[in-house]
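Residue numbers (full-length UniProt numbering), protein chains in the order written: chain A, 1 to 305; chain H, 1 to 244; chain S, 1 to 247.
Just so you know, the hints here were simulated from the structure itself, not pulled from any lab data.
Below 16 Å or equal to it, Euclidean Cα-Cα: the simulated EDC-like pairs (lysine to aspartate or glutamate) are:
#1 H:191 x H:151
#2 S:62 x A:242
#3 S:56 x H:54
#4 S:56 x A:97
#5 S:51 x S:31
Residues of chain A clear of chain S, computed beta-carbon distances all greater than 10 Å:
#6 14
#7 24
#8 31
#9 33
#10 135
#11 169
#12 171
#13 172
#14 239
#15 294
#16 299
These numbers were taken from a predicted model, which means no experiment stands behind them. A virtual CB, placed ideally from N, CA and C, is assigned to each residue, including glycine.
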Amino acid sequence: MDSQLEAEAFKRIYPEEYFQRFLSEGTRPDGRPLGRARSTTIGFGAVSTADGSALVKIGSTTLLAGIKLEVMTPTAEAPDAGKIAATFEMPPLCSPDARPERRLEETSVVVQQVMNAIESAGLVNTKELLISTGKAAWVAYLDIYCLDADGSLLDAALLAAVAAFADLTLPPVRVNPEGHVLPVLSGAQGGNLRENGDASSEVVTVERRKLTLGAMPWAATIGLYKGHLIVDPTAEEEALLESTVTTILDEAGRLISLFKPGGITAVTTALIQDCVELTRHRARELKQILEESSQEDEDEGDESQ
Amino acid sequence: MEYVSPEGLRLDGRRPKEVRQLKCELAVLHRADGSAYLEMGNTKVLATVYGPHEVSQRSQSLHDRALVHCEYSMATFSTGERRRRPKGDRRSVELSLVIRQSMEAAILTHLLPRTQIDIYVQVLQADGGTRAACINAATLALADAGVPMRDLVASCAAGYLNGTPLLDLNYVEDSAGGPDLTVALLPKAEKVTLLQMDSKLPLDTFEAVLGLAMDGCKAIAAHMRQALLEHTRKQAVVRGPVRL
Amino acid sequence: MSSQGSLRKDGRTFNQLRGMVCDRGLLHRADGSAKWSQDGTSVLVGVYGPKNMPPKREDPEKAVLEVLWKPKSGIQGPEEREAEIILRRTLEAVVLAPLFPRAGISVVVQVIHDDGSLLSCAINAACAALVDAGIPMTGLLASVTIALAKRDDGAGGGAHLQLDPTREEQDGAQATVCLALETTPKAATSNGSVEGEAVVTSTTRGAMAIEEYLEALDRCRMASRTINAFARLSLDKAQRRLELPGT
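Required output: the full structure, derived from the provided sequences and hints.
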């Protein structure tokens, strides 16, 4: 009991020395080797009121992404496409540093980077969000909530967004020639369109469907500390790091983003290449996790039917 | 519309005096001092407690007791229609106040003068009874944080449709336009800390519905107590026997 | 847009930067200021500090940097907020903040005109303004943006990497990379430090092959030497203007 108290005290008073003691052994305070990310899980359809949702946990970092669809009129420049609008919230419950009065930096950076990654990778083809050319299209409001902020928020946010889009199902709708979108009623009330007062027989039904997703982006945040590369840092580690690099790759190995927002350490080409290698490895891991979780989700769906 | 079938079954197959399936999990967020996740049927709520800690605004510090601060927020995707203002709108402000007052009655604030206890409740999915679910989740989170309380606060809602008092309404039953009574109870002392009702009820029916709601609260309190005991038992095993 | 060997729309080659102009000391009430223009893109930066900070926000060990980014018109949006954060962290890499504990340094960025490579221009301007304010730094920052033009004829080699793109080139590109390099012997590698330019900040848009990114990094290195040389020249001129006797 005493020695545990001493270790806690040392950690509080000399956080850098505490951290360095672990690094010199090639490990970290939570026991991981420097190159290993924390255990990651994805839960699809966590929120049934959302049209698509996913709960992602990377270690203790917990993020929930929900997509709600609303109908909009397509713009004149893009009459055959819908739109994606993303927000990222860090409610006060996620971390003792998140106060309601002061917006944390991460909120601005994460949402921009997630949207950038989705657009650059071409994950979603906005043309698939179309309902009726020039008259109606879906706007997908992607809202990501951080429930527990324990480092590497961008990684988890991007993963949650990708999983939420994978979970998204566009509901079936009917469109009349004026562009009014009506929900398709299920059961006995659906089916006989002509009897429902829509005098015109031009009402088009758009079936329930899932999006065909393009290339999926996978992110790995790597911290730099005195020459060590630390993959997937926790919040405690992030406070001590000199700088972080978030590399985003897609499954084909294309670089979607290499984001290093300043920081005390500057890096050389060799270091960048190391980061890319580590990210490649992590991308493979994440892809596998997504596929396995998706398979489990499908199996559960089949069972319940 | 028929909310209770002639056989006595409601829309989701429950009996009139049945509470929805309750699921609770403690210490779900490790950065918070206390946290709890609660599901009442399809209503999913997450509560976190930070504190007791120093008061953030010196001017508001109370010399003889703790300051309780509560914030209620709904995720934009938690309801059928996307909510554009997750907090700051009138309903959220009212609910924050309501939850704070219910919890303040139970917390032994005089033991923690000049401190502040923050309770944050986030609704992830709403299917009726969010008020009650939030209070229940807040109770569990406070217990997880080790804040001293005189009793658990258990809350439940009840209504009256098709001539039958119904316990724990879901969203569809709630929007039927009938009365909706929410009660928060300190079960051991049988003291009510919150009583709110929408719409109107004749007085004798009111007594019946209130009685039903209080029974519901007691059932929920028993379930929460069980969950807390389980959690504490697990903690004791993990940390090893206590040495004096 | 252009095929191998030919020039870009404004007559430049692929590796050519636009003409740079740097005016220092424009704002009399600021401790330092600089207006950096890369042809059509122009940014004015004012630096105030080291100065007093309200006790709530001060840091007992070093100076606190804050950046305010004002767009050309309208109010701040999410892009401006992100740019503030990136710029602040970039400057924190070079400013010797521990020399001024409990102080604050405010950097105000005013976008005058955006014709592509805006963030790079702002970083260059901010660095020049900090120098003008006499804030000690570990090295000079040089920032360059590179656009990868869409491959139309499958032309190989580096023909499609365009340095310092205009707005038109930037919008039409398949991808863009914005890099800020620091020139000091402080770069980090896995086996010790190395002399030369090291990457302080990197932000990209669009997808590209990793080799293309590394190639862009090399081009940026070469370009940063040109930018640094220009910056020193401009500083020299400004100094000489100050030192000229009154007669």
